[in-house]
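Student: Here's the letter readout for the chains.
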Amino acid sequence: MPTLETELYRGGRFVADDAVYVADGEPLPANALALVSKKRYLAEREVLDAWQGRLGLALETADTLDGLEGTLDRFATIVLRFARYADGRPYSLAHRLRHRLGYRGELRAAGDVLQDQIVFMLRGGFDALEIAHAGTRAALRANRIVVVPTRGTAPVVQSLAAAE
Amino acid sequence: MAARKIKFDWVAATANDLKGGEAVFRRADGSWTRAVAEAELVPGGEAGAALLARAQADHAANRVVEPVLIAVDPTTRRPLSLRERIRADGPTV
Amino acid sequence: MYRYDQFDRSFVAARVAEFRDQVQRRLSGELTEDQFKPLRLMNGVYLQLHAYMLRIAIPYGVLSGRQLRKLAHIGRVYDRSSGHFTTRQNLQFNWVRLADIPDILSELAEVEMHAIQTSGNCIRNVTADHFAGAAADETVDPRPYAELLRQWSSLHPEFTFLPRKFKLAVTGAAVDRAAIQVHDIGLEVKRNERGEIGFAVYVGGGQGRTPMIAKKLRDFLPERDLLAYCEAILRVYNLEGRRDNKYKARIKILVHEKGLEEIAASVEAEFAARPVATANLGEAEIARIAAYFAPPKFASLPARSSVLDAAQAKDSALQRFVARNVSAHKAPGYGVVTVSLKPIGGIPGDATSDQMDALADIAERWSFDELRVSHAQNIVLPHVRLDDLPQVHAALAAAGLATPNDGLVTDIIACPGLDYCALANARSIPVAQEISQRFADLDRQNAIGELKLKISGCINACGHHHVGHIGILGVDRQGEEFYQITLGGAEGADCAIGELVGPGFAADKITDAVETLVETYLKLRRDPGERFLDAYRRVGLGPFQEALYADA
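Chains as they are written, first to last, in my numbering: chain A, 1 to 164; chain B, 1 to 93; chain C, 1 to 552.
Read the hints as simulated data drawn from the structure, not as lab findings. The structure presented is a predicted model; accordingly, all values stated were derived computationally and were not measured. Positions of the beta carbon are idealized from the N, C-alpha and C atoms, including for glycine. Worth double-checking, as some hints may not be accurate.
As the list claims (entries may be wrong) - Straight-line alpha carbon distances no greater than 30 Å define the calculated DSBU-like cross-link-like pairs of lysine-lysine that follow:
| # | chain 1 | residue 1 | chain 2 | residue 2 |
| --- | --- | --- | --- | --- |
| 1 | C | LYS246 | B | LYS19 |
| 2 | C | LYS248 | A | LYS39 |
| 3 | A | LYS38 | C | LYS246 |
| 4 | B | LYS19 | C | LYS165 |
| 5 | C | LYS258 | A | LYS38 |
| 6 | C | LYS37 | B | LYS19 |
| 7 | C | LYS258 | A | LYS39 |
| 8 | C | LYS246 | C | LYS37 |
| 9 | A | LYS38 | C | LYS248 |
What the hints assert, rightly or not - Footprint (simulated), chain B over chain C, 3 or more residues, beta carbon under 8 Å:
| # | stretch |
| --- | --- |
| 10 | 47 to 56 |
| 11 | 96 to 105 |
| 12 | 426 to 433 |
Here chain A stands alone, though its shape is the one from the complex:
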């Protein structure tokens, strides 16, 4: 279970989310998106692959992708946790998931997801943000996020500069 209240931001708005972090060894929920650790997935791979429910993979900041090759289509989402926003490893994990491992499903940022970094996350290939920080949620609701454009990509959230 998430220990903080979080909301999921996807496609430019907040959406309902039934994802549940399932601790290693705990039973999987029947009617929810079950998020399991890499350790558990690799240990119980056959059982989990055969399981009929919706499954997601929750990676920690320091996890590598070793051992996950060829398995990724199994997941409805892959969560990359930012232990601290200043630890940018999840950005490169996202790139490898997309471009080296060919993952096409949802990439979800979680953990230290803050107003001034979410532009990097959205541009870096994340589709969804699990946000605990109240100020960041308020800023997104009020469209108070400045988007600095990048060559070759469209703005992802409404810009303060453009709004002026």
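Fit chains B and C to the supplied structure of chain A, relying on the hints for placement.
Tutor: Same frame as chain A, but now just chains B and C:
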């Protein structure tokens, strides 16, 4: 050396002003001044910890940034370390 | 030079608006210092001993007259009518107010400048040879590649929260004036036997508390692969670089701990897996960027200037200046002029607003409106007609900018040190000033010849002391400033890290120690053509140690 021995005998609270960035020192009345000679001096130890707590409250209230205690000679009212004398007086060049 | 396109303009404007919002949130108390600090650092704003400091990016050191005039104006309005040029070809204002910084950034945006990525654990301002596009010994102009790297690295979504800062340098001349071997990635643009352009790629160099000379990953990376290959290096570093210890977080430590072979294997695997669609730099894109750096229309001139020869015969100051501060240009009849920001007894790298205005005027009139900032904290006028040198020299002299000491013992690199910097342990500037005054005599300086003296006020080595022929490192010894000396460092193609000569010296003894080293060199050199560095490499530390510590 003598300077080392009295290092934490008397202390003042210093920080940088939030808006301007200049080095400032806390007066006894709770205001902040650019003149170290006007700073409240207290003995180190418990009184020092209490002064630092007051300065940190000013940091939390967004008046100053990153307060710390510095050792000050109570007779001359000058900071003991070269770094803090330069902070108080400006560059030597 | 490069001109902003619509994208760059909107990018910088949006960034200014973003930071204005962040400063307002900070001043209103909505953001705490802990939350704000990383944001201000990403915009080049530091809190130093006396004030906020704003570090402005000067991409690969290239400035126009209009830009320099704007910097002069900002200095006048928001600082103390001066600015400080740094060893990363940037400019720092030491006395700005936080509340004013959004306005300063707006003013900078008017002349296509900003302060983005001059701090923080991101890819910093890309540096390049300050003689790029001008030097006679240049193989390929490195500026188009530096610009491509700048665009690629600007707010790169993947590489803005690296384990530590990351510095790239590019040279297009084998002599390497850009010190590429002491950078996280160093690139030498060159041609192969078929005339194709490619890069020697070095990785893992750096100074700081653990100085390392970079190791070569590729001898000839094809031009089209530049960005994809750098991206592979950065991705490996971002994922594998140490984050447990700030002092072991630079890529040089990763390369050192894993070894070149393992790093090379990881980088090559990452590079091989690059997405096809974005991998290659198209010829059209390279040509589009290179067009910004097309050489100016040089006149057809004889290699020698009779005007200059005649003027030099009558003016010994001009003669000294030309002999010392003018370098060979690729176009006949032109010269590359180094304007020293090291007047005797001055603050290395400082220029007043009036001097910046004067330099802007001179560049517009006599150097195709181009200026460069060198990592030696000097200014370069890259394209001056030899015929115009007497007038240029007179104009520089009138602005106090004609010190003829390029590469001499008084052309000292020094970090701001304890007079300004919150990290420093000892002062640097007063040491530089005293040494400069001791060696003020120009005949003596010229008799000594090339001698690169570099001073850092702490182990972070912003004054590049590790690569000084004579390096001076300030330390705090029980509350007293103390200075250690290293000898034999070099930053070019013959890159070397200096060796510690022995116990340090008190502040009032360091100038004497430097003089002893110089006198020792003068006695033992084979002939005046043997530079201090050459002599040191021949004889080693021994004679210098004997001279320094004879009385100990």
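Student: A separate judgement is required for each hint: does it hold in the structure or not?
Tutor: Structure-based check of all given hints:
no.: 1; hint: C:LYS246 x B:LYS19; in the structure: 29 Å, holds
no.: 2; hint: C:LYS248 x A:LYS39; in the structure: 29 Å, holds
no.: 3; hint: A:LYS38 x C:LYS246; in the structure: 28 Å, holds
no.: 4; hint: B:LYS19 x C:LYS165; in the structure: 27 Å, holds
no.: 5; hint: C:LYS258 x A:LYS38; in the structure: 26 Å, holds
no.: 6; hint: C:LYS37 x B:LYS19; in the structure: 14 Å, holds
no.: 7; hint: C:LYS258 x A:LYS39; in the structure: 26 Å, holds
no.: 8; hint: C:LYS246 x C:LYS37; in the structure: 17 Å, holds
no.: 9; hint: A:LYS38 x C:LYS248; in the structure: 28 Å, holds
no.: 10; hint: 47 to 56; in the structure: holds (count 6)
no.: 11; hint: 96 to 105; in the structure: holds (count 4)
no.: 12; hint: 426 to 433; in the structure: holds (count 4)
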